[in-house]
Structures are given as structure tokens and as C-alpha cells.
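**Q** Residue-level listing of the chains:
Protein chains: 2
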Amino acid sequence: MSKNETITPRGEDYAQWYQDIVAAAGLAEHAPVRGLMVIKPYGYAIWENIQKVLDGQFKATGTANAYFPLLMPESYLKKEAKHIEGFAPEVAVVTHAGGKKLDEPLVIRPTSEAIVNEVFARWIQSYRDLPLNINQWANVIRWELRPRLFLRSTEFLWQEGHTAHASSEEARAKAQEMLELYAKFAREYLAMATVTGEKSESEKFAGAETTFTVEAYMQDGKALQAGTSHFLGQNFAKAFGVKYLDGQGKEQYVWQTSWGVSTRLIGALVMAHSDDKGLVLPPRIAPVQVIIVPVSSDTGIVEQAEKVAETLTKSDVRVEVDKRDERPGPKFFEWEKKGVPLRIEIGPREVHDGELTLARRDTGNKSTAKTDDIAPAVKKILDDIQHSLLTASLHRMKEGTSEADDWPTLTLAIKKGFVEGGWCGNESCEEKVKSELKGSIRCITTGGKKYAKCAVCGIPAKFTVIYARAY
Amino acid sequence: MSKNETITPRGEDYAQWYQDIVAAAGLAEHAPVRGLMVIKPYGYAIWENIQKVLDGQFKATGTANAYFPLLMPESYLKKEAKHIEGFAPEVAVVTHAGGKKLDEPLVIRPTSEAIVNEVFARWIQSYRDLPLNINQWANVIRWELRPRLFLRSTEFLWQEGHTAHASSEEARAKAQEMLELYAKFAREYLAMATVTGEKSESEKFAGAETTFTVEAYMQDGKALQAGTSHFLGQNFAKAFGVKYLDGQGKEQYVWQTSWGVSTRLIGALVMAHSDDKGLVLPPRIAPVQVIIVPVSSDTGIVEQAEKVAETLTKSDVRVEVDKRDERPGPKFFEWEKKGVPLRIEIGPREVHDGELTLARRDTGNKSTAKTDDIAPAVKKILDDIQHSLLTASLHRMKEGTSEADDWPTLTLAIKKGFVEGGWCGNESCEEKVKSELKGSIRCITTGGKKYAKCAVCGIPAKFTVIYARAY
Chain F
1 MSKNETITPR GEDYAQWYQD IVAAAGLAEH APVRGLMVIK PYGYAIWENI QKVLDGQFKA
61 TGTANAYFPL LMPESYLKKE AKHIEGFAPE VAVVTHAGGK KLDEPLVIRP TSEAIVNEVF
121 ARWIQSYRDL PLNINQWANV IRWELRPRLF LRSTEFLWQE GHTAHASSEE ARAKAQEMLE
181 LYAKFAREYL AMATVTGEKS ESEKFAGAET TFTVEAYMQD GKALQAGTSH FLGQNFAKAF
241 GVKYLDGQGK EQYVWQTSWG VSTRLIGALV MAHSDDKGLV LPPRIAPVQV IIVPVSSDTG
301 IVEQAEKVAE TLTKSDVRVE VDKRDERPGP KFFEWEKKGV PLRIEIGPRE VHDGELTLAR
361 RDTGNKSTAK TDDIAPAVKK ILDDIQHSLL TASLHRMKEG TSEADDWPTL TLAIKKGFVE
421 GGWCGNESCE EKVKSELKGS IRCITTGGKK YAKCAVCGIP AKFTVIYARA Y
Chain G
1001 MSKNETITPR GEDYAQWYQD IVAAAGLAEH APVRGLMVIK PYGYAIWENI QKVLDGQFKA
1061 TGTANAYFPL LMPESYLKKE AKHIEGFAPE VAVVTHAGGK KLDEPLVIRP TSEAIVNEVF
1121 ARWIQSYRDL PLNINQWANV IRWELRPRLF LRSTEFLWQE GHTAHASSEE ARAKAQEMLE
1181 LYAKFAREYL AMATVTGEKS ESEKFAGAET TFTVEAYMQD GKALQAGTSH FLGQNFAKAF
1241 GVKYLDGQGK EQYVWQTSWG VSTRLIGALV MAHSDDKGLV LPPRIAPVQV IIVPVSSDTG
1301 IVEQAEKVAE TLTKSDVRVE VDKRDERPGP KFFEWEKKGV PLRIEIGPRE VHDGELTLAR
1361 RDTGNKSTAK TDDIAPAVKK ILDDIQHSLL TASLHRMKEG TSEADDWPTL TLAIKKGFVE
1421 GGWCGNESCE EKVKSELKGS IRCITTGGKK YAKCAVCGIP AKFTVIYARA Y
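Keeping their order, the protein sequence lines are chains F and G. Residues in the first sequence are numbered from 1 upward in steps of one, following our numbering. Residues in the second sequence are numbered from 1001 upward in steps of one, following our numbering.
To be clear, the hints were calculated from the coordinates, so they are not data collected in a lab. Be aware that one or more of the hints could be misleading.
List time: in silico SDA-like cross-link candidates among lysine to any residue, alpha-carbon distance up to 20 angstroms [claimed, not checked]: (1) G:Lys1082 / G:Ala1239; (2) F:Lys323 / G:Lys1052; (3) G:Lys1380 / G:Asp1316; (4) G:Lys1078 / F:Ala60; (5) G:Lys1052 / F:Ala60; (6) G:Lys1331 / F:Asp129; (7) G:Lys1059 / F:Arg318; (8) F:Lys52 / G:Lys1380.
Take the sequences, apply the hints, and build the full model.
**A** Spelled out as C-alpha cells, the structure:
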């Protein structure tokens, strides 16, 4: 076993544990250029599953995919004042191409609002062209000073939705619709507990009126921003002249949204469910849901393994047979590290008895099922694993969330997990949480409990927020 | 109708006709940075269909997807001498990032052999790790001096397969397998006539031992390189130290291939089938296979249109109902320009008679089908259109291919289409075809007719080749 495959226990060093899981499960590795990554086949297969589900859901909401260019003139980013302020420190700049120095430097997209709006200004003429719902699956570059695989990588893969609407209300509703879609996806597919809400002024997207966010609860009590949806108002519309003629023939600026999730979700998955033995994956997103390990290369055993695999494939279970010339022990160990939800061992006894042993990755529990009845038995267990992982994640978030009415309580509580409390709305309090507690306001929640006082300064609270440390 | 929507007849100006089709069908448009493009939703939907089919076929050959970084140190490209010689004039260079000048400039991948092999050197240790079959779907940048949408764009989307094998024979066979896969895909899905063969020394991929190519026949008699598959030998393996321990514990360099097709295929599709009225798409790759146009907004008519659409959707036909508030004439015109294979009009008579009129895009022919029997009738016509387009393309290539035994014949024939003839194998003759005839040797064919003399210089021929002008 190479050193890459040793997994540091969570309790010992959480950050190292994360890196070890990513390496041991074969998800990704560092590229030669610092901050960039190579997504390995197993990690990419998770991304493909995420893409497939989300792409179908986007299309069901009337979104069409398109593709916008990687490079744009540096001047484009500058058209929306806050946008450039936010992104300038992170962009990569192309100054030479085709053997020559360029007249104007080009930037690699850190996000595509600028280029998309230059295009939307041509595509949108009349109210008949609205709403316009476009998404793209693409790579972006944001120069990272402290890169971490998946969590903060200089290049990442993502989807970015861009929509234009005739009214402010419709655009705001779209931003909220996509936020709900992300939260539902996190819950139903990634089995991940999340809190949703609005970002504070200082944390919102550069150029947005309102940023809605999905904050996922990680095992160490930290938050991970798992997806954002922005109500852009008319900021980009005005900067790029995106106008339409309304029903009365009057020129109006459009109202817009943008929303995205990225390969960061793979990092979230790792931290939400995995244990000291390796990755744990929710069945609905796992590239391999069932691994069948024949305990020897005996023909009858291998044939039986393949027959079971065929039966499961017909029932739409993603299954593989590990026929490599290797002892069962190391195979079990490897698939455990890769987080395959269910393992089926097949030996002479199983062939003889017509009964199979099913070992769950999440609990380690074993059960048996008749070979003739294997598909429904497997599906039932996979559903149960999916459900258990979500329940565990929800439980963890519930147990890990406390309340704070004052600074001493907040100071202690933020070390353990999410903290719900009041906020006066002043940036100085937010700044104090950052500088003194190494935490932040993750989101402003609505519809929940109201707090009388700001947990930082004690003056009357305007908002209920989640304070936490974050990735 | 905006000026973008006028289509110049092919006979008048073929290049302008191509641009007009791309604009009128809503496939793509120029980005602000010269040479880059915006792929519009309808064009991107064609790409998604191409991706879906090819991705499934790659996976069926045991290929897994992964993702390699966009940026690599400039020095990487230089490790394989011929590779850098070929690509240096085309790369885009990042010199600044994160607000600072970089210590070493980074290049945006023009192709990923260099970075992939840096990674393969780590992934491959033993013969047990072979063969390694990896593919990535990605964007690349190659600075184009004479850009054209889809055909030659500075940024394009593609897939690039990279494989490593224990023997030269196995790698060569893989390169040929993928070439056949591309040719079959062109035939069965794109309905496109192609010739396959090897590139000459001067035309092969920078760093390859052998480049195999699929050359498609366009309506104006020119060739379009629609896909290439390279046998790389050990060139990159030696440059990057990609070695494995064989069964005897001896260190060996791997043998490799790489292969790719790109969004260029969309340009090929346009030029292979379209006419002066607009785009013509083969049903198997068309985003919308059937468009249903209700002739009025009368409730009974719209309901019937939706019922028919539902029936077709259940039979896996990609169908849309055009319910926009617009007269039928402009709708017919628009869908004709977009190349939707089949149109169904529904008016009061159709509702009353229980019979529908089906209008084919390729021939303009109309037929009728009972509403109750619509799905099989539609499927039969779609199959027939698919078959007809391929037959027409094959016929066009056959009629457009002539033979040449000498220079005067070649000179005349190359103006009309493909020319089969002998080649002595000397680069000077190849150069003469380029400089004097504005053509090139598209590929060296095997298994066909043998020619006694080089069509350029008259000395004994070593090879049978296809001479043609090309995109």
C-alpha cells in the first residue's frame, strides 16, 4: 500500500483526513500548476452523475444549454463596477497568442455574466424573447491563494445559469426557484443536510442585488457553500444595454439571475458522509452502487457473479464484478475506500446455497438474500442506505447547531458547529466574527426563530443568521 | 426578417451560404474576441446529441472519462520536440494571474498529450495498469488566423481520447478501432459519406507516428477532416517517462494513441446536407425531429397537437409543438431554416378527418397518416429521411470523385471534387498540389485501386491517395 492510501483518522487531523480520502478513493490529484487539479475517472464519474441529474432538472424548468467563449476582453469585466472589484484579484490574463503580443489582454472567464450579457443584448429585442433561460457547463479559472482539491481549486468545472426576465418579481422568483432546486438536489441525491438563506451585503456575489445560498453542514461542524443563486437586478442589464420592447413598445431593461454549482460538490460529498475507512457515497450518486467480489477465480463462482451482475444491471443498478487476479481481502479494502454502497461476496457456499451475503458500506452490517430475489433485495438496501445517510446528516446538523444570544456563547459555540442567533445588520459585527472567531455569517434565514439581540454587540437584532466557520 | 436570415444560394457564393445557414438556423455566432464563438442553444443541442452517442460508444469500448487541467507550464509542450514545433504558433499564453506576473508562463491547452502524459507517468506502474483508456470532453484553444464558425474556431469543444498499451500492435489496433468508430458514427448518425486513410508525413499530428483520418465529402466537392486518430508510438512515453514493469519485471515504455472529434462536426453537418432554404439535419442527430404546427390557436386544434406530441414523445420521438402567437407561414419558414426533418400541420380538417399531413424537410414531399397510427408512420419516415440523406451523400461523393493519372487531369479534376490517384511519396509533389492547385493529399487509402504513376510527377507511384481541396 502506497503512502497515498493511508487514511489519517478524522479525530487526529481533519484536513489531512480529507486529503487522504480524496487520494485513497482515487477522486483527484494535484496538477503541475499549483491550484489546478486532475479529476480522476472515479471522481469524474461522480461529476457525470451530478451533471446528468441536474441537467435533466434544469431542462424541466425550461432551461436550454449553450456555450460562451472562454476568453473575453479585459474591458468587459470592468463594465459592471462591483463585478470587476470582486473578480480582478482572481483572474488569469492572456497577453500573448499566435506568437504575438495581443493589442488588448484577454481574461479567462472567472464567471460569465459579462460575456453572457454582451450576447443577451443581441438575443433579446422584445418581450416575446423573455424569459430567456440559458445554462452552460464549463470550466472557469479563479486564482486561488490557498487551493484545496475540489474545495478551492484554481480551475473548476461548473454549470452557470443565466436568465433574463421582464419583471423584478419574476427574476427574484427564478433565483429562489433555482435555490430550492439546489437544496432539493443536495437532500435527495447527495443526502446532505443544508440551510438556505440570503448572503449579507459583504458576502454576496460581486454584481448581485441578492445572493441566495445553500450552506451544507460538514462533519466537523463547518459550513460549505454548496450552491448560490443570484438575483442580479438590472446591474448587468444596464452595464451591457440588455433591453427589450415591452407590450406598449417602450424600451425596458431586463431583470436577471445567475446560479451555479461546481465540482466543489464532490468535496462536500466527501466531507458530509465519509469515515476513517474511506469514502462513503449515497447510492443515488455513486458511480458503482454494488461491487460483486468472487472469492476465487473458479469458473462456477465467476459465472454466478456475472449472472447476478446481469440481473442487477437489468434492474438499473450500477454494478461491477471485480475479477482481478487478487485476494478478496485487498479488494474489499479497496472498494471500502472508494465508498461503494453495497458489496456482494460470492464463494462456493453462496453458489451452493443460492443465497448471497450483502455488506453495507455505511454501517458495515451484513444481511442475506436469495439469489433468485436479488434485485428487489438490493434495491431496498440501496434505498435504505440513501435514506440513512440523509437521516444521519440531518441529525448531525441538528446536534451540531446551537443558539447564541451573546458574544461569550457565540465564541464557544462557533467552535463546535452552526450557531443560530440575531444580527444587528452592521458590517462591524460581521467583521468581528471574521477577525476574532475565524467564522462568518453564512446566511440570513427567514421564517424561523426571531432573536432579540445581536449575538455580537447586543443591540436589537434585525436578522436571524447562521454563524459558522466555513470551507 | 433581419438580414441575418437571408440565405445566399449555394451556386452564388458557397462560403456566404454556409455563414447564412449557421446564422439563419441559430447555430452559432461570433464572440467579441475574433475567432471565438458563442454556440447558441440550437447548435449546442446538436453537440449534446453528438456527445451522448459518442460517449456511450466510447464507454462501450472500455473508455473512462476524466478531466485534465486547462493550463500547463509552457515547458511541458516543449518536451516532445515535434509537438511544440507544430503547436507553438497556435498557443495562447497566460503571463499574469492573481494580480501578479507569473514566474513561468502558462499555456492554454491546444491539445492535452503533454499534460496527460505527465499524469500517465504516475498512473501507470505495471502491466496490470494497461491498457489505460481515458477520454475527456473539453475546450481547447488554437489561435486561428482565418477563423470560421465551427470549421476553424480559435476555441472549440471536443473530446480527446488518450490510451496507453503494452505493445505497438495493440496501440495501432486501438487507433484503427477509433477511426472506424468515427467513420461509422459519421455514416450512421451524421449520414455523411467519408473516406478513411492515413495522413502523409507532412500532414500528420505533431508528435504522432501515424495519423489516421476521416475525410468527409462536402457538397462543393471539398474535403473536411471530420476526425483523426493517432498512433503515437513511444514519442510521448519517452518524452514524459511513461513506463511500466512487464510480466518479467522489466521496465518498458508504453505505446500510445490519441483521437478526437470536435464541434467542427456541426460545420460538416451543415455543409453535407443543407440546401438553399436552410439547414437539413439527419433525424438521428436533430434536436427536434418533428415540429407540430397548429394552424390556429383554436382550443380543439391545440389540444389535438398536444395529444399527437404526447403520443410521439412516448415513442421516443423528439417533438415540439409551436404554439407561438404567429401565423403558420413564418413558422413553417423558420423550422425549414432550422432543418427539422418532419413537420406536421394540424388544422380543423385534420382534427375532423383524424388524418395528419406530414411534410418532409429533405424532399418537401407530403404524405398523410391516420392520427391513431401516427407514431409508427412518423418513425418510418424519419428512418427513411436518415437513409435518404446518407444515400444522397454517398451518391454525391461517388459522382464527385474522379481519377487522375497525370497532372493535367488532376489540375482539372481537383476543382470539382475528390481525385483518386497515385503518389510517389515525395513531399515536393505534395507541396506542388498545395501551392499550384490549392489542394492537398487528404489521405493515403489502402485496399483500393493501385495506380502506376504519381499524378503529379509521373514517376512510379508508391501510394494511392485522395487529392482534394479542403476546409
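**Q** Enumerate the violated hints, using their earlier numbering and listing them in ascending order.
**A** The structure conflicts with hints 2, 4, 8, although it agrees with all the remaining ones.
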